[in-house]
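Counting along the sequence shown from 1, when you hit position 7 you're at 42 in the working numbering, and nothing is skipped either side.
Mixed in with the good hints, there may be bad ones.
[Stated by the list, open to error] Just the calculated beta-carbon pair ranges, DEER-fashion:
(1) Gly48 - Asp112: 19 to 29 Å
(2) Val132 - Asp108: 32 to 42 Å
(3) Gly48 - Glu92: 35 to 45 Å
(4) Asp108 - Thr79: 35 to 45 Å
(5) Gly48 - Leu94: 32 to 42 Å
(6) Gln103 - Thr58: 16 to 26 Å
(7) Asp112 - Leu74: 28 to 38 Å
(8) Glu133 - His46: 36 to 46 Å
(9) Val132 - Phe47: 31 to 41 Å
[What the hints assert, rightly or not] With a straight-line cut-off of 27 Å between C-alpha atoms, the simulated DSSO-like cross-links for lysine-lysine are:
(10) Lys44 - Lys62
(11) Lys62 - Lys51
(12) Lys49 - Lys62
To be clear, the hints were calculated from the coordinates, so they are not data collected in a lab.
Since the structure is predicted, the reported quantities are computational estimates derived from the model, not experimental observations.
Cβ atoms here follow ideal geometry from the backbone N, Cα and C, with glycine treated the same way.
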Amino acid sequence: MIIIHDVFKLHFGKAKEAVALMTEGAKLLRAQSYTIDRLLTDLTGDYYTLVMESSYESLGAFESAMQQATATDAWRDNYARFVPLVREGYREVLREVE
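With these hints in hand, go ahead and build the complete structure from the sequences.
Quick look at the structure:
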């Protein structure tokens, strides 16, 4: 099992708006068969952190789902509104230990 963490470091004071947009975006992605297991926010550590966690059987399945889900106009519009709220971000690709 492959676990994906998309980690977004948000601009100060933009967490509420970013969470609302990512919640909307998650619905759009799920409608295109992109797996989102959960959205997470920080309790300690770096402030204004939002994590989108997904899981896939393989890297190929992740790549295919990402290409399909992000090709829609609705997702592109949502993402265009989300990006200005993000200071920086990165992706972690992890293998679950069975």
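Next item on the list: Would you list, in rising numerical order, the hints stated earlier that this structure does not obey?
Entry: 7
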